[in-house]
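Participant: Take a look at the letters that make up each chain.
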Amino acid sequence: MAEQLRNLTIEDRKGPLTGRVFGANGCTLKPAAPAIRISLRAGAEGMAAAKKVLGIALPVKPKSTALKVDLACLWLGPDEWLIIDSADSVLPEKFAKLGNSLLSAVDVSHRNTAIIVEGANVEAVLNSGCPQDLSLDAFHVGSCSRTILGKSEVVLFREAENRFRVECWRSFSDYVWKYLADAAKSA
Amino acid sequence: MSFSVNTGANRIAGKGRLSPAKTVTFTFDGRRLNAMEGDTLASALLANGIHLAGRSYKYHRPRGILGSGPEEPNALMNIARDKARRQPNVRATCQEVFDGMEAHSQNTYPSLTFDVGAINDVLSPFYGAGFYYKTFMWPKAAWKKIYEPIVREAAGLGKSPDEADPDRYANRFAHCDLLVVGGGAAGIAAALAAAKSGKRIILADENPELGGWLRAETSATVDGIPAAEWAAAKQAELAAMENVTVLTRTTAFGYYSHNMVSMAERVTDHMSKPDADLPRERLWQVRANKVILATGAIERHLVFADNDRPGIMLASAARLYLNHYGVAVGRNVGVYTACDSAYEAAFDLADAGVKVVAIVDPRTDVAEALLASANERNIKVLTGHAVTGTKGRLRVKSMTVEPVNGSAKESLEIDSLLVSGGWTPSVHLFSQSRGKLKFDADSERFIPDIHVEECVSIGSCNGTDEMEAALSEAMASAKDAVGGRAATAPKVAGFGSMSGHLIGSAKGAGPDDHVKAFIDFQNDVCAKDIRLAVREGMHSIEHVKRYTTTGMASDQGKMSNLHALAIAANALGKEIPEVGLTTFRSPYTPVTFGTIVNHAKGDLFDVTRRTAIHGWAEENGAVFEDVGNWKRAWYFPKAGEDMAAAVARECRQVRESAGIFDASTLGKIEVVGPDAVKFMEMMYTNPWAKLPVGMCRYGIMCREDGFIYDDGVVGRLAEDRFHVTTTTGGAPRVLNMMEDYLQTEFPDWKVWLTSTSEQWAVIAVQGPKAREIIEPLIDGIDLSPEAMPHMAIREGRICGVPTRLMRVSFTGEAGFEINVPADYGRAVWEAVWERGAPMGMVPYGTETMHVLRAEKGFIIVGQDTDGTVTPYDAGLGWAVGKKKSDFVGIRGLTRPDIVAEGRRQLIGLKTKDPKVVLEEGAQIVADPNQPIPMKMLGFVTSSYWSSNLDRSIAMALVEGGFDRKGQTLYVPMENETIAVEVCDTAFFDAKGDRLNG
Chain A
1 MAEQLRNLTI EDRKGPLTGR VFGANGCTLK PAAPAIRISL RAGAEGMAAA KKVLGIALPV
61 KPKSTALKVD LACLWLGPDE WLIIDSADSV LPEKFAKLGN SLLSAVDVSH RNTAIIVEGA
121 NVEAVLNSGC PQDLSLDAFH VGSCSRTILG KSEVVLFREA ENRFRVECWR SFSDYVWKYL
181 ADAAKSA
Chain B
1 MSFSVNTGAN RIAGKGRLSP AKTVTFTFDG RRLNAMEGDT LASALLANGI HLAGRSYKYH
61 RPRGILGSGP EEPNALMNIA RDKARRQPNV RATCQEVFDG MEAHSQNTYP SLTFDVGAIN
121 DVLSPFYGAG FYYKTFMWPK AAWKKIYEPI VREAAGLGKS PDEADPDRYA NRFAHCDLLV
181 VGGGAAGIAA ALAAAKSGKR IILADENPEL GGWLRAETSA TVDGIPAAEW AAAKQAELAA
241 MENVTVLTRT TAFGYYSHNM VSMAERVTDH MSKPDADLPR ERLWQVRANK VILATGAIER
301 HLVFADNDRP GIMLASAARL YLNHYGVAVG RNVGVYTACD SAYEAAFDLA DAGVKVVAIV
361 DPRTDVAEAL LASANERNIK VLTGHAVTGT KGRLRVKSMT VEPVNGSAKE SLEIDSLLVS
421 GGWTPSVHLF SQSRGKLKFD ADSERFIPDI HVEECVSIGS CNGTDEMEAA LSEAMASAKD
481 AVGGRAATAP KVAGFGSMSG HLIGSAKGAG PDDHVKAFID FQNDVCAKDI RLAVREGMHS
541 IEHVKRYTTT GMASDQGKMS NLHALAIAAN ALGKEIPEVG LTTFRSPYTP VTFGTIVNHA
601 KGDLFDVTRR TAIHGWAEEN GAVFEDVGNW KRAWYFPKAG EDMAAAVARE CRQVRESAGI
661 FDASTLGKIE VVGPDAVKFM EMMYTNPWAK LPVGMCRYGI MCREDGFIYD DGVVGRLAED
721 RFHVTTTTGG APRVLNMMED YLQTEFPDWK VWLTSTSEQW AVIAVQGPKA REIIEPLIDG
781 IDLSPEAMPH MAIREGRICG VPTRLMRVSF TGEAGFEINV PADYGRAVWE AVWERGAPMG
841 MVPYGTETMH VLRAEKGFII VGQDTDGTVT PYDAGLGWAV GKKKSDFVGI RGLTRPDIVA
901 EGRRQLIGLK TKDPKVVLEE GAQIVADPNQ PIPMKMLGFV TSSYWSSNLD RSIAMALVEG
961 GFDRKGQTLY VPMENETIAV EVCDTAFFDA KGDRLNG
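If you're matching them up, the sequences are chains A and B in order. Per the working numbering: the first sequence = residues 1 to 187. Per the working numbering: the second sequence = residues 1 to 997.
Keep in mind that the hints were calculated from the coordinates and are not lab data. A couple of the hints might just be wrong.
Listing some non-contacts, in silico: residues in chain B with all C-beta distances to chain A over 12 Å [said to hold, decoys possible]: (1) N107; (2) R434; (3) V579; (4) A822; (5) K883.
Calculated lysine-lysine pairs in the DSS-like style (CA-CA distance at most 27 Å, straight line) [unchecked claim]: (6) B:K884 <-> B:K690; (7) B:K58 <-> B:K397; (8) A:K97 <-> B:K678; (9) A:K178 <-> B:K273; (10) B:K601 <-> A:K151; (11) B:K479 <-> B:K397; (12) B:K491 <-> B:K516; (13) B:K631 <-> A:K14; (14) B:K638 <-> B:K991; (15) B:K991 <-> B:K915; (16) B:K678 <-> B:K355; (17) B:K690 <-> A:K97; (18) A:K151 <-> B:K631; (19) B:K391 <-> B:K516; (20) B:K159 <-> B:K22; (21) B:K601 <-> A:K30; (22) A:K68 <-> A:K94; (23) B:K991 <-> B:K965; (24) B:K159 <-> A:K185; (25) A:K30 <-> B:K631; (26) A:K185 <-> B:K83; (27) A:K63 <-> A:K52; (28) B:K856 <-> B:K678; (29) B:K601 <-> A:K178; (30) B:K397 <-> B:K507; (31) B:K601 <-> B:K631; (32) B:K58 <-> B:K391; (33) B:K631 <-> A:K63; (34) A:K185 <-> B:K601; (35) B:K882 <-> B:K915; (36) B:K83 <-> B:K159; (37) A:K30 <-> A:K52; (38) A:K68 <-> A:K52; (39) A:K14 <-> A:K151; (40) A:K61 <-> B:K690.
Using N, Cα and C, we set each Cβ at its ideal position, and we do this for glycine too.
Take the sequences, apply the hints, and build the full model.
Facilitator: Below, the structure is given as structure tokens:
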């Protein structure tokens, strides 16, 4: 019986926003491609161990990121990072091999989803719901922050001057999408 | 010059800055009128010779347009665009006309010119200060039937719209180096000087264009060009700068801590046919490094008898209507002023061909230059004189003039009367910022003294009336805000004087009189009301304010506060600073709820959370219920089934074959680290150290008081890794409480918490056929009962994707909870469904889940507990680790009242008549025949019809419940008393044989 059943593949991965598109007033929204995400918690020892797995040192400055090809390590707190790998990878397995004595690596690939917000008006659109200063001086390319958009927690990551990745929990994504669309319409 | 469209007989050819080529049509109380684009409703009405704009609140006296801006107390209108878009209490002086606008006067019945409520004016001796407090005291019963309906009918102005607001509203958070509030001369100059630094600057002004009072000037110049032209040129210059945001039609209404200023931008209220995507209004929440307040000053009226007739208005307003809007407010104008600036209004009107009957000035030392200018224009100036009365019902017809020190009365015919009692600095925002004001004895007004926030006041809001000095302040403030060298102030010429003032009662309105000399027009408060309040014992200005309601209308006493204060001080025989000033609070002007709510309406009112499986449930006919922010499938009715039938079927089917249930909303927390088990021991009442890897345990979490806070199944994935589940509603607060303890009590413990609630979709497959259904889909896990007993947790694959498979049961049946990464949730669910459906598996919802767990006596935290229930009370003492030396709540559980006899305990109830289903929340007594109030033993917490048992079942919290097993108790209801028998909470398969099936 088992052999008759089709195994699911990455193609079967359905994010909560799959298929949506939106654009208005020089701002577009689109769901980000599926990604691997790790919620990483670590002290000094754990950071050294994580560096070996990631091949890149974790950022230590608030709001900063460490980037390598498809990998983005987002500083969320003094001992907390969000690791996003946009290529399908075995990152969770690699961390699993490290064990749990030095750090906590938890697979949150599916907990979060992301919206790519892009366009000349992107700062104004995000500032409709996010109280942070998102001007280039205060939030330059490569900056990140866990913050709020309206009533939802989000993680902002500025990928380019006019492009942000907005990470949020999957069941909040419908709200975040609609909030951004509403904001873009009235920006 | 002739206009193609007649925009009013009082439009003066060649005056004003509006374009005769652009006209609009609107209606006022149903009458079609023309206006020019850029007119306010007030200027458009005045152009058409209409002063009468409304009826006063208490006495229903006819009232005219008094001002030209946000200070307007009288001309409050209902403005409508269409049926759903109508807003009451809009100040006609701030509302721009647009084509198709419908304006209606308020507080009038049956019409503006004939109003039956005006009888109140005749009865006014009975409506003195504190009227409501005195009159409606007794009898008590009269409140409900007589007083309250009358007060409700009389209270408040305008009628709220009766349809949902179809407009969109927006919000914008903004940051800047400098926020300049007010775009008059000082604000423009400060913004310009600061803008050269390249720093981020926001300049906000409430009007459609910058300039402030410069718009009322004719001959004055800045930098050698006419003042209003200078303002327009500088507005364009600022708007073109990348680092400057100029916001017009934007009122800064709130000043909060750390330089957070809230502003309302009116985006479409002036447009005839706004783009549907445009928000009507936008809330700006600006965090500024520095704030420059250049909010200007507001002219006061004078307090004299019958000073409220239509046609009586502020001199500054009349001047603005003439010079900006090209409207003469009358043809035969009197002026009553104690301030120099009103002379300029008189001169401009005279120069435009209007007859100025006389300038009446109580001062005897009026500047020679002003007197000479008046003389040149043949305007009679009566210095040392006062206006002591007026006549005219719907429009002022005459004024009575007499010497300040004399009694020779003279009546002069007029059709308008311009008044000025001097200028009150607009210190509202400064005061909101907790800045301290000081009383300037010379000018008798309050001006900013000590700033608390990073802000500075410049220009006339700082008491600096003189233009050259105001612009110097602007330069200094700009330098202070952005650094660098101070710029040179623009050269100014031709600005008039703003000196001279009179506060409190003018001649004839005090110290002891019965005339109606109005202080607060909107709330109909007269000078005598203030004195009455003082006589009746109100000695604090805060009491006087509340007793008389002066300054409590929607204009917040912008014109009246200083008058009220001066009269109160005079009556008390005190100096003004000793009496004090009432507090200014936000908002500066009324703000619509739409602006405050902005995006948070409709779908965005709150977050609606849906699981990965929601779509399947929807397609398969589920009815949903709200659980916190989640939508959960409640039951899955088949055609023709009601809820009871669907739930009964689902319940039977789960126990007969199998059911599939979406448990994704369960909270999940991953607890990881070398101290994970230590932490679990601390947070839960249960022992964890000996729980083997690969096994689960039901855990209870208490607060420090020993009461149950949450519960859930916890799986041990590794020595140092736990998969913790919480209730759906408890997920955020459990994580918060855990983090709180970890960060504050045990910061050195090496353990980390991560929410994984949304990482995993949870598919519960429960029932005798559960294993058979899922087995073929599973890879790498031996599902045999020996290899995977009840309460085991395994990691492996299902349908090729990773799973955490738990053999747990909230139904009492053998069953599994399949955790899969959420993006695969629906695909795995569908695979399980395809397997299970032909085997009799049903989808079931939360209602069936509730019934099945109740049949087993499993509690739901928050339903069977209410924050006062310990694990012992709930019959869960077995889950408290007796050998543990510490956990959160351990000391709470030893409190005398917790260990005392007679606590409410959770027990089962069976109704003597098995068909009767108790009501949840129903009270329980021992003797139904005892006198009322009866001694209540407890209440029903859960109650259902059990189709599996073919009878009703219930759980209840009852005093000493454990010792009452077998007793008969009673549930008195409205129409019957229901007898019940106390029993165990486990109604079905008490031994739990089915779990191991």
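Participant: Decide, hint by hint, whether the structure agrees.
Facilitator: So, going through the hints one by one against the coordinates:
no.	hint	verdict
1	N107	holds (34 Å)
2	R434	holds (22 Å)
3	V579	holds (40 Å)
4	A822	violated (4 Å)
5	K883	holds (26 Å)
6	B:K884 <-> B:K690	holds (12 Å)
7	B:K58 <-> B:K397	holds (23 Å)
8	A:K97 <-> B:K678	holds (23 Å)
9	A:K178 <-> B:K273	holds (25 Å)
10	B:K601 <-> A:K151	holds (12 Å)
11	B:K479 <-> B:K397	violated (52 Å)
12	B:K491 <-> B:K516	violated (46 Å)
13	B:K631 <-> A:K14	holds (19 Å)
14	B:K638 <-> B:K991	violated (33 Å)
15	B:K991 <-> B:K915	holds (25 Å)
16	B:K678 <-> B:K355	violated (92 Å)
17	B:K690 <-> A:K97	holds (24 Å)
18	A:K151 <-> B:K631	holds (17 Å)
19	B:K391 <-> B:K516	holds (13 Å)
20	B:K159 <-> B:K22	violated (32 Å)
21	B:K601 <-> A:K30	holds (23 Å)
22	A:K68 <-> A:K94	holds (17 Å)
23	B:K991 <-> B:K965	holds (18 Å)
24	B:K159 <-> A:K185	violated (31 Å)
25	A:K30 <-> B:K631	holds (25 Å)
26	A:K185 <-> B:K83	holds (24 Å)
27	A:K63 <-> A:K52	holds (22 Å)
28	B:K856 <-> B:K678	violated (32 Å)
29	B:K601 <-> A:K178	holds (11 Å)
30	B:K397 <-> B:K507	holds (20 Å)
31	B:K601 <-> B:K631	holds (18 Å)
32	B:K58 <-> B:K391	holds (20 Å)
33	B:K631 <-> A:K63	violated (34 Å)
34	A:K185 <-> B:K601	holds (15 Å)
35	B:K882 <-> B:K915	violated (41 Å)
36	B:K83 <-> B:K159	holds (13 Å)
37	A:K30 <-> A:K52	violated (33 Å)
38	A:K68 <-> A:K52	holds (13 Å)
39	A:K14 <-> A:K151	holds (25 Å)
40	A:K61 <-> B:K690	violated (41 Å)
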